[in-house]
Structures are given as C-alpha cells and as structure tokens.
Amino acid sequence: MRAFEYLAPTTIGEAVAALAGKGDGGRFLAGGTDLIVQLRCGVLDVGLVVDVKKIPELNVIAFRPAEGLTIGAAVPCHRIAEHADVARVYPGLVDAVALIGGTAIQGRATLGGNLCNAAPSGDSIPAMIVLEATCTIAGPAGLRTVTVERFCTGPGKTLLNPGELLVSVHLPPPMANSGACYLRFIPRHEMDIAVVGVGASVVLNADRAVIEAARLALGAVGPTPLYAEAAGAALKGKTPSEESFAEAARLAQKAARPITDLRGTEAQRRHLVGVLTRRVLRGAVERAKGGAADVR
Amino acid sequence: MSAKTRVNAKINGEQVEFLCEPRQSLLECLRDILGLTGSKEGCNDGNCGACSVLLNGRVVNSCLVLGVEVQGQEVITVEGLADWRGLHPLQQAFLDHAALQCGYCIPGILIASKALLDRETNPSEERIRTWLAGNLCRCTGYDKIVRAVQDAAARLKQARREVNS
Chain A
1 MRAFEYLAPT TIGEAVAALA GKGDGGRFLA GGTDLIVQLR CGVLDVGLVV DVKKIPELNV
61 IAFRPAEGLT IGAAVPCHRI AEHADVARVY PGLVDAVALI GGTAIQGRAT LGGNLCNAAP
121 SGDSIPAMIV LEATCTIAGP AGLRTVTVER FCTGPGKTLL NPGELLVSVH LPPPMANSGA
181 CYLRFIPRHE MDIAVVGVGA SVVLNADRAV IEAARLALGA VGPTPLYAEA AGAALKGKTP
241 SEESFAEAAR LAQKAARPIT DLRGTEAQRR HLVGVLTRRV LRGAVERAKG GAADVR
Chain B
1 MSAKTRVNAK INGEQVEFLC EPRQSLLECL RDILGLTGSK EGCNDGNCGA CSVLLNGRVV
61 NSCLVLGVEV QGQEVITVEG LADWRGLHPL QQAFLDHAAL QCGYCIPGIL IASKALLDRE
121 TNPSEERIRT WLAGNLCRCT GYDKIVRAVQ DAAARLKQAR REVNS
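Going down the list, the sequences are from chains A and B.
Okay, so the first sequence: first residue is 1 according to the working numbering, each after it adds one.
Okay, so the second sequence: first residue is 1 according to the working numbering, each after it adds one.
Extracted from the complex, chain A is given alone in its bound form:
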C-alpha cells in the first residue's frame, strides 16, 4: 500500500476542512472494507485518509416513531441488524444489511460506505430506495439533502462533490399497513456479491385488500442501483395477487439494463429480476399485513 497520512477528527467541520481543496487526493474512511482493499490494490491512490468513525453524528442510530430512523454513515451493519427497533420497524432494511459480507465484514462495513462505494450490486441501496431514504451530506457550504435513488451516478460514482461527506441516512416512519422486503440471488448462501437484488415496499389500504402505493428497486442490473418507478406505480389500486405481481415483474424486467459478466448473463439476470420481484412483493405484502415474512 502506498504511504498516506491519517487523521481521525471528532467533528464534521474538522473532517470537511481536512479534505477541502484536496480534490481526489483524499478519502474519508468508515469501515474500510472497500476503501482499504482499493488502496491496497492500487485502484485508489490518495495522500490522505480521514477516519470519520470518531464523529458522533456519524455513529448515531436513533429511531423515533414520529420522525423515523436516522443511521449515521459510519454505523457498522451489525449494529443496524441487531438494533431492536430497526428489526421490528424496518425488516426490509435488515434483509439487506444482514447479508453484506460475512460476520467479520458485518463488524466493520457501514451503510454509508455501501452507498458511497456505489457498486451497482450494493445490497443496501435498493432497500433504502424503496424505504424512501434520504441522505444528509456535509460540505464546505453546509448541509444538503438528497434522495438515495439520486445518490449513485455510475459504477463507483456518486453525486458527492470532492470533499463532501455523507453524514447520515434518514428513513421516514413507515406508513400504516406498509411493508418492505429485499432479496438477492447469489450462487452461495452468504459472502457473495448479488447477481441480482430486488427491493420492494408496499402500502395497503385500511382493510389491506388494495395496494395504495408501491416502490421497486433493482440491484446489479444497471450502472447504478435502479429505482423502477413505473413497475411500482403499476401496482397502485391493484389487489395484491400473483397477477398484479407478475405485471409489476414484467415492468421491472423492462426497467432492468443488465449486462453479461462473470456473475451472470444478461438473460439470466433479466429472468431473475422477474422471479425476485414477485418474491419480494409477496414478502412486502405479508409484512404489510402484519405477518413475519419468511422469504429467505
């Protein structure tokens, strides 16, 4: 690994100031499970690494029923998956964070890092998109907020300007009679990268017979995780049924832009988008009805 300087500031202001004017010459470090690998293999070459794990705002995980859930960008996956309120209120998020890497990766890898790494296959990203998550970003000019579906702009690329810091991700409180679910396909059970990942959220009406709103998001079938808006919108006003799920799955397949690579072919990925979309919709509806969906 090439030599670099290391700083571990304790405030957002200090962290942002440390990278100000550095351009691509510096990086923020959270869990390091992507960054350290990239530095070691030479994909990245920076003169300064700024560890953000000592900044309180980036370590917070707080749920308030009226406000929703805030997760600091440096909170590791295991803390999210083991958080009682998160497991109870946002099982669709836990689906995703609990399967990023294995136990040792879970101990370090963060939600913020998964997002900033901007892999098309990043498992947490479709889950966050369907849960309408927003990002709080700090920069020299102050704070700004963007939706997660706008955050990734290409493989490994985000809308963060040089020196901007992802502070936290916020999930709104879930609507009544709503549920979400994330599933991915990999050849083994764990420790692998998604061939395809699909997230869904649904809101049912009061008697839980009609879908009032739905969101679908797709992973590993485009240059970024994709928000399949039309596929979700098509479910509005429909009865949750295999027919309506199949129609949404067809639209999700249409929204997918898969490529053939070492993990799977274009055709296989498009097929999987259909299969997983139907499964996550079943899971999301089950959870919206108050059942514990066992979709894995």
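The set of hints was computed from the structure by calculation and includes no laboratory data.
Here chain A is said to cover these stretches of chain B; the calculated rule only asks that three of the stretch's residues, wherever they fall, bring their Cβ under 8 Å from a Cβ of chain A:
(1) 10-23
(2) 46-52
(3) 58-72
(4) 127-133
Think of the CB as a built atom: it goes at the ideal place given N, C-alpha and C, for glycine as much as any other residue.
Use these hints to put chain B onto chain A, whose structure you have.
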C-alpha cells in the same frame, strides 16, 4: 514512507504501545511489529478470514483495519485464547475432533467461533455454518470444524454449570 504514528492499544489483555505507518494494516502490525504471528495472511482483501481477530469483542478481518485505527481499542488474537489453565475449550475441542489439517485457517476460525460462543451458548449447526461463512478452509470440508464448535459450546456450558453449582 510517511511518519510513524504511536499507537496504544490493549492486545490480549496487555497494554501495548507500538509505532506504525498509517498504511500498515492491523495484521501487519500484529505480525511484523508485535511478533504475534498467530493471525495469518490469506487473501489480504477480506474474503478468507485467516486474519480474523476480535476488535472490542467483534470479529473483524485484521487485514481490513489500519493499525492506527486501534488506538485506544482492545484486540484479541489467537494468542490470547489460552490462559494459565491451558488451552481454551475451543482449542481443545478442535484438537479432540481433529478439526484441522494444514491449520492455516484455524486461528481465524477459533477467533470467529469464540465471538459466536461469547454471544450464544447453544448455536445450531446452521447458525455456526453461517457465522463462519467468512472463514475459508480448503482442507477439512468444515464438518469437523462445526462439530468441534458444537462440542466446545457444550464444554463451556458444562464449565459454567460447575462454576455456578
């Protein structure tokens, strides 16, 4: 070469101080500076688990942690498992079940298993296999490893019962 940083950490229960460059991983610091060669380098990118250590009680890949990041933290390596009474029950169970062949992955597997048994007294076979998914072994086929962890869980339970009775 950048300036070396002074790092203070508790390693295997002992307060230690060492000098390292920011670019040196915790694994390099353990092996090359502190002489703790029990943790192994396999893939050096977080896939194999041979370098697993406990950082504040959590399993981590020490190849994916910078040495400077452990300032003020607590690290346990395989060297910290045995105590004056002898081997840790996990180590003894691995020997009794012959749960190793070349042994390269075993320090990491012992550490990861300890983290599991520190949390759960009676993990199922499936739970053990999932927990250890990030620790690759190319010799044993895992069956003996899983049986050794289950046996160690039973021995630890028995030991606790004896302490409490």
